[in-house]
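Peer 1: Residue strings, one per chain:
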Amino acid sequence: MSKEQHLMSISTENTAIAVHNITKQYGDFTAVNDLSFDVQRGEIFAMLGPNGAGKTTTIRMILDILKPDSGRIEVLGAPINDATKERIGYMPEERGLYRNVPVLDVLVYLGQLKGMARTDARQRALALLEHADLTANVKSKVSELSKGMQQKVQVIATVLHRPDLVIIDEPFSGLDPVNTQLIKDLLYEMNREGVTIVMSTHQMHQIEEMADRLLMIDHGRRVLYGDVHDVRQRFAKNAVIVEGEGDWAALPGVERVEQGENGRGVVLHLAAGVTPDAVMEALAVGAAYHIRRFELAVPSLNEIFIEVAGTGRANGASGG
Amino acid sequence: MTHWLEVFRYEVRQQFRRKSYLFITFGVPILALVIFFGYQAYRDLTADDEKAPAPITEVNEQRQSIGYVDQTPDGLFPSPASYPEVACEPSASEMEALNPEQALSQARSQLVKRISSPYCLHTVITPYPSLDEGQAALEAGDIDALYAIPPDYVETGAISAYVSVFSIEAQGTEGLMRDFLLRSLLINVDAPDYEALYLRLRNPAVISESRLTEAGAAEETREYQNFLLVYAFGLLLMLSVFWGGGYLMQSVVQEKETRIIEIMLSSVRPSALLLGKILAMGLLSLLQLGMLAGTFVIIASQAGNLVESLGDITVGAGTLVLLVVYFVLGFLLFGSLMAGIGALSTSVRDSQNLVTIVTLPAAIPFFFLTIFVEEPNGTLAVALSLFPITGALSMVMRIAIIDVPLIQLVLSLVLQVLGIAFAIWLAGRLFRVNTLLMGNMPKLRDLPRLVRG
Chain A
1058 MSKEQHLMSI STENTAIAVH NITKQYGDFT AVNDLSFDVQ RGEIFAMLGP
1108 NGAGKTTTIR MILDILKPDS GRIEVLGAPI NDATKERIGY MPEERGLYRN
1158 VPVLDVLVYL GQLKGMARTD ARQRALALLE HADLTANVKS KVSELSKGMQ
1208 QKVQVIATVL HRPDLVIIDE PFSGLDPVNT QLIKDLLYEM NREGVTIVMS
1258 THQMHQIEEM ADRLLMIDHG RRVLYGDVHD VRQRFAKNAV IVEGEGDWAA
1308 LPGVERVEQG ENGRGVVLHL AAGVTPDAVM EALAVGAAYH IRRFELAVPS
1358 LNEIFIEVAG TGRANGASGG
Chain B
10 MTHWLEVFRY EVRQQFRRKS YLFITFGVPI LALVIFFGYQ AYRDLTADDE
60 KAPAPITEVN EQRQSIGYVD QTPDGLFPSP ASYPEVACEP SASEMEALNP
110 EQALSQARSQ LVKRISSPYC LHTVITPYPS LDEGQAALEA GDIDALYAIP
160 PDYVETGAIS AYVSVFSIEA QGTEGLMRDF LLRSLLINVD APDYEALYLR
210 LRNPAVISES RLTEAGAAEE TREYQNFLLV YAFGLLLMLS VFWGGGYLMQ
260 SVVQEKETRI IEIMLSSVRP SALLLGKILA MGLLSLLQLG MLAGTFVIIA
310 SQAGNLVESL GDITVGAGTL VLLVVYFVLG FLLFGSLMAG IGALSTSVRD
360 SQNLVTIVTL PAAIPFFFLT IFVEEPNGTL AVALSLFPIT GALSMVMRIA
410 IIDVPLIQLV LSLVLQVLGI AFAIWLAGRL FRVNTLLMGN MPKLRDLPRL
460 VRG
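Chains as they are written, first to last, in my numbering: chain A, 1058 to 1377; chain B, 10 to 462.
Simulated from the structure, these hints should not be mistaken for laboratory data.
Because the structure is a prediction, the values reported are computed rather than measured.
Each residue gets a CB set at the ideal place from its N, CA and C atoms; glycine is no exception.
Any given hint could turn out to be false.
Derived pair list, reagent style DSBU-like, types lysine-lysine, alpha-carbon separation capped at 30 Å [said to hold, decoys possible]:
| no. | chain 1 | residue 1 | chain 2 | residue 2 |
| --- | --- | --- | --- | --- |
| 1 | A | K1196 | B | K28 |
| 2 | A | K1241 | A | K1196 |
| 3 | A | K1241 | A | K1204 |
| 4 | B | K28 | A | K1198 |
| 5 | B | K452 | A | K1124 |
| 6 | B | K452 | A | K1241 |
| 7 | A | K1198 | A | K1241 |
Computed Cβ-Cβ distance ranges for the label pairs, DEER-style [what the hints assert, rightly or not]:
| no. | chain 1 | residue 1 | chain 2 | residue 2 | range |
| --- | --- | --- | --- | --- | --- |
| 8 | A | E1201 | B | L295 | 27 to 37 Å |
| 9 | A | T1087 | B | R18 | 55 to 65 Å |
| 10 | A | K1124 | B | A41 | 48 to 58 Å |
| 11 | B | R18 | A | H1188 | 19 to 29 Å |
| 12 | B | N449 | A | E1201 | 39 to 49 Å |
| 13 | B | R268 | A | E1302 | 55 to 65 Å |
Examples of chain A residues toward chain B, derived with CB under 7 Å [said to hold, decoys possible]:
| no. | residue |
| --- | --- |
| 14 | P1149 |
| 15 | K1171 |
| 16 | V1280 |
Construct the entire structure; sequences and hints are all you get.
Peer 2: What follows is the structure in structure tokens.
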């Protein structure tokens, strides 16, 4: 094996999803345009983008529900096939379960479709239902459950067959804080066990909290991609957030002073060439300043999203 | 084709939980058999009680009594009590001899004449010397009806009846009077002739219809049987095919409506999903057809016990095999089309509207039921049985009553298979991801694009 081949095989081994230049068109409309990215094994990867950006189409192509017009996709080391599909758990944005069928039966059937033996599917479903505090509802029909309960059953259906890769569209929509935490804990637990998790969501704080890396799509194209921390740093402006007392505008190198978010502190925009270190030094020697907080002004993902996608489009909620 | 078997098993399990399916498949046959054989058993029991005097002596259960006034010049109708006294009730051994299946014998003729002597009516028929006295007895309630036999009775056969107003008791006394007249008129006939004459005159004509066939030979009509067979076979096939196709369509639509289809498609290819569903619904409908057809064959084989004019109906094994063959063909044709309709629809209501495009033309043969019974080899019946959409139903209606020429059978099977090939191709084109994941019902003008892909 040559060094190049060896490196490629290591890269394939470590890659859960590799998307190379995929394009998908519906008539004249280009839903996904020459998109490339990869998801590393064992990471939590977030996909975001405004409505109609192409997220769901991309996910459907990864799952082989739709075929790309061009480009190629590898999932868990190879082009997707029936055996690979059994190693993926998918929860689409539009949730769906048979309404008039008992919870356990739905789960067992979906487990079987993922290659599980009937008894194994049954035992695992019962264990997960117990974990999700749904033991009393094992025989209830799905239609008899509350929305939160249905959501939990849906998540159980996604992870029942112990997948290596989980793809979830909006994992927390419709959940109260208690159930959000329950699902979050379940995802963390699976991730600790080595499961790769891809989630598409509009809840930016969840991405900031959970995701290792992110991909933002707009008009079917990649507009942001990489480590969550790096992306935020990349969008960091030359500014610092300061809380305390003093004449901020009088500080050397401060170009403009702005009220901070939620009225807490102020944002000091620095002139070109002035570093935050220089400002901190000036504050330290200036007796007229009392400082309680000093930090770099890194934008939230929400601010980045709005900036990248445009204010008007960020008001939507889902789709893609 | 991974996982089609899991789809098949799941659909079978789910259908077996449907109360409507269980009722039609098992409940209806059990009920029909219980009712049929229960009624037969009841009839057998009650028939035993009536056996003894049935054909010979009249049982006057209502305890009616009548009077008559004989005005004929020769006094043709003496009082029943004036005849020699005889034992009117046959003994147990005589009862056996009275069985109509027993051979005629001198002893039996004597017996028939004895127990049908006018004397045996003396407790229920009273003569009155004049009309006035008879009417007085009627008014007094001694008798339920009064009959006057006029002097010209022999020439005209006319008699007058008198009853009280609103007299329910008088209902049916004519039969008693007729029997008395018959017995009195035949009293002097010799015993061997008496039996034949008496029985024949009581039931002077057993009419059976015959008509001329095209060949000019007379053939006993089987019109009732044919009508029943055509109707039953047509109904059995149509219901089984449409139920099966309907369940199939519903199961596809529900998966679209509940949005579970996207999860399914992440595990199963559309073709495997379609295959699992078609096989499951086909097998279940075949079971349903088998149960219903079996029940029909059992009941029809003894239909003569229930409706005498219908007679027992025998359905040949070959006919049943063809019924199954045409069911399978019909199901594949309509099941595929209905699955395609399910794939297009976004709700059960949508699908029910759309499905009439298929079911209405398919039911055309039923509109011409009479033509199928009367001219099963006529141009219309033959044409409908060859055309794929109406073929299965029409052919089944024909094979129920005639031996369809082999060439027509072969031609119809070939055309059916071609029709099925087209239907499966069409369903396969519609049963694809783009259509299954559509949130809206496509317009008619979108169909060619969807089919082209």
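Peer 1: Which earlier hints turn out false for this structure, listed by number in ascending order?
Peer 2: Hints 6, 9, 12 and 16 contradicted; others consistent.
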